[in-house]
Amino acid sequence: MLIDSGSPGAAGTIGISLTINGERRNIQVAPWTTLLDLLRERLDLTGTKKGCDHGQCGACTVLVDGTRINSCLTLAVMKDGAEITTVEGLASLAAREGKNSLHPIQEAFVEHDAFQCGYCTPGQLCSSVGLMNEGHAHSRDEIREAMSGNICRCGAYTNIVDAIEDVMQQGGAR
Amino acid sequence: MNRFDYVRPNTVAEAVQALGADPAARFIAGGTNLIDLMKYDVERPGRLVDITRLPLRDIEERDGGLRIGALVTNATVAYDSAVKERYPLLSSAILAGASAQLRNAASTGGNLLQRTRCYYFYDTATPCNKREPGTGCSAIGGVNRIHAILGASEHCIATHPSDMAVALAALEAVVQVSGPNGDRAIPIAEFHRLPGDDPAKDTNLAPGEIIVAVDLPAKSFTTNFTYLKLRDRLSYAFALVSVAAALELDGQTIRTARLALGGVAHKPWRNTEAEALLQGEPATRETFAAAADLILREAKPQSTNGFKIELARRAIVRGLEQAAAGTPQSQSDKRIQ
Ligand SMILES: Cc1cc2nc3c(=O)[nH]c(=O)nc-3n(C[C@H](O)[C@H](O)[C@H](O)COP(=O)(O)OP(=O)(O)OC[C@H]3O[C@@H](n4cnc5c(N)ncnc54)[C@H](O)[C@@H]3O)c2cc1C
Ligand code: SF4
Ligand code: FES
Ligand code: FES
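Protein chains in written order, with this note's numbering: chain A, 410 to 583; chain B, 957 to 1293.
Careful: at least some of the hints might be erroneous.
[Claimed, not checked] Here are the computed lysine to any residue pairs in the SDA-like style, where the Cα-Cα straight-line distance is at most 20 Å: (1) K995/B / R449/A; (2) K1040/B / A546/A; (3) K459/A / V473/A; (4) K995/B / V438/A.
FYI, nobody ran anything at the bench for these hints, they're computed from the structure.
Pulled out of the complex, with its shape left as it was, chain B reads as follows (with noise of 0.2 Å):
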């Protein structure tokens, strides 16, 4: 690990003038993320701003929903007891991620703001131009299976690889930021962005803004939910494919759909199309599977991860089917009745 200037502010306000415009330096949370990047060169801050007492640690109503501190740990949101009856599917997400010990220290910030888990940008002896811009990018033609099968561009086909992100792009959470420029809100589907040509940022956050907290909106879904996560073991892995899926029934025909994957694009991957066609239809395998097509018409398959793509489909169909049946959502336990 490099050496660094370290510093502990009180307040939002003295963080945010404690990083300044200085691009080397970080604000630091749960440390879960950054520490480990650190220990791989891959992040060498000049100086850490430890955000860790900053008055964001509370879960408080609002508007009808919920406004979540950033340094409320990933573990106390998914034992909330209203996140659990209001918002399960972020509970269900949020534990389906990581391990407990890591859930106990990573932060709501932290965690929308992890970087991917690519194996070439965490090795800097390789060429990536998310980590170094210019570079080239050594998982296009190289390793990648974990890699994207949506929205990628020829620069960089890395994915996200939060849990906790994809259940709340299919429940329209807001990030609430402050910077030198003031306050303002992003929607989640804005937050993180395509690599196109410009990898190296994995959101639209402005230099020297930092996340205050998440607003989840007034609507829940709290019968008809599934957070399914697929992933070469049953725990503390990442994603290979994961489907946040979300419905409200009228007997057997949806009213409203939701759905977000995660593990296949640079971003919790929503497609409103794909959701507006499921509106109006039986809840039937059918028109899951329609859905699924749609989503997966513009897939594009790299030289290892093209089994990614029909993983993909038979996750969303099952997700789907999952909400429908309101099967239960405990780690330990997600059979369909």
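Just chain A, same shape as in the assembly (with noise of 0.2 Å):
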């Protein structure tokens, strides 16, 4: 058995590894602590939103290992010695790439007026990233499809994808 938490009720928490934003962080862990809640609560990452805490919105969207994921219906402990990304890591992805500031997706969600209350867009910002690393949608309508599990409740829809179309015109994501 890699872990075990104790007996079934004790209050004993699980000591894990996460590269979170370029960082390696050795954190304890209550096991029912979804990694929503670790980031924000616990590591004051408090980019990465919580909209509905059920999997229905999308504000909760990180990168794990480079894959997009709603951060509120995945457990802290499961992700041991994963890589997170999450809003604040990604202007720090382009910096190691020797870029601006900004990611080019940040950028053109500015560029194109991707917002209007901005609570969705951490997790549009990096479901945009994960969209983009799996190279599945091509067109327009293809985008919007592979965009559905983040909601934008200024509908802020058509921006934000011409905000994604423009940065893979320019050659994608990173």
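Could you fit the two chains together into a complex? Lean on the hints.
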């Protein structure tokens, strides 16, 4: 057995190691802590938002080993050893490549006015990068479909698709 | 969420042992259904057995077909080149479900074992025979727009929400399981069950058993197939009615037909009588309508879901027309040309 938190009901915490936005961290976590709550409540990475807490809105989208998932529906302990990128880390992904202070998708969101209140935006940004890493969406219709897991109550959808299309035409994510 | 014990085994045998005979223990894979239910206190496991480190992530050739490991994600299956080429019906059904983020996390085994989306099942303040046997069914006479029209019982009228399972039913997949009493294979038609007088049980999986793989038989339908999903919005919503249709044609004559419905019953609904009726007939709207009538002969409406019977009838005809026409299958383009 790799890991065991002890007897049923025990309030035992488990030591895990995560690389978050490029920084390796060893963290003691209760097994019932979601990745979203760990990021926001424990690590002060409040860029990632909690909308519904049930997988229905996409505001909590982060990249785990480059793949976009809903951080509200995963337990932090289950991601032991993984590399997590949140909206706070997108810029540093770009900086690593010697680019500007913002990730190209962030610049494109500003350029195309792809938000209003901004609450869904961190999730939209991480989801956009995940979409480009996946490489399955090409047309505008395909981008719309592949972004359906991110709800925007302000209805910025058209401009979000514009922003993603723009970055894809410039040669993609990173 | 309640507190629980957490274990993370490395092998199937360890996982089966860690679950043991404890009825309060649960396996967790993608977590997208179980964690959701735990947040509503519908599930309160005493112990979680995290199976994500088990070696069940491969898609392999097997007896002319494919074996999909239980932990392969829904996204990986849908975009796998062998699956896309040989079982495009399965790809299409998976991509019609949930969102990209959820499909990246959701596993093959977890998808089969996801629980109903009946509102009352989720609401611990209301009676529900599936959640708490013997308390009654709030959906009967309540809000039952999304509920079953086929195979329901007086104890439960819930539907199974999986899209993937509907395609697997049409493809006659086989679920491979391992448990305290060894390994066995369960044909998909016998995997999920009807509610009867024991709606707490969704499947015929025995206590302590783990899904290790899903086998796709050699027979694939690569030209004339469709997964048609009708729902309240075009993406990121569960099916009201869905149809997995697969045909083999000799010119305009139907040689083989497979047809399974989602969103209408406690399990993917397959009617082999209707399939037999299609065989040898011309691939026309009249033939398809006759099959639909046969399937829906026994349909029974609840107080607010009567519309689903007509919706299902039209979906069956439309799905078979799409299959016969070899309609494009992208989520964003399913015209009949
Ligand atoms: C907002 C939202 C929308 C959705 N829309 C759709 C949709 O349109 N169509 C659709 O089909 N689905 C939809 N889903 C459901 C989604 O597909 C399922 O949640 C997912 O497939 C479950 O897989 P998982 O690996 O995350 O399961 P988990 O949550 O990890 O597990 C689910 C259950 O299966 C058990 N289990 C898991 N793996 C095994 C195994 N190998 N052996 C034995 N038991 C196991 C667990 O104990 C648990 O009881 C949606 C979900 C959400 C949250
Ligand atoms: S339909 Fe089934 S799941 Fe829904 S309230 Fe009735 S018993 Fe519960
Ligand atoms: S907060 Fe995770 S999907 Fe809404
Ligand atoms: S910008 Fe307000 S929710 Fe999307």
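Checked hints:
no. : hint             : in the structure
1   : K995/B / R449/A  : holds (18 Å)
2   : K1040/B / A546/A : holds (16 Å)
3   : K459/A / V473/A  : holds (17 Å)
4   : K995/B / V438/A  : holds (18 Å)
Hint check: no violations occur; every hint is consistent with the structure.
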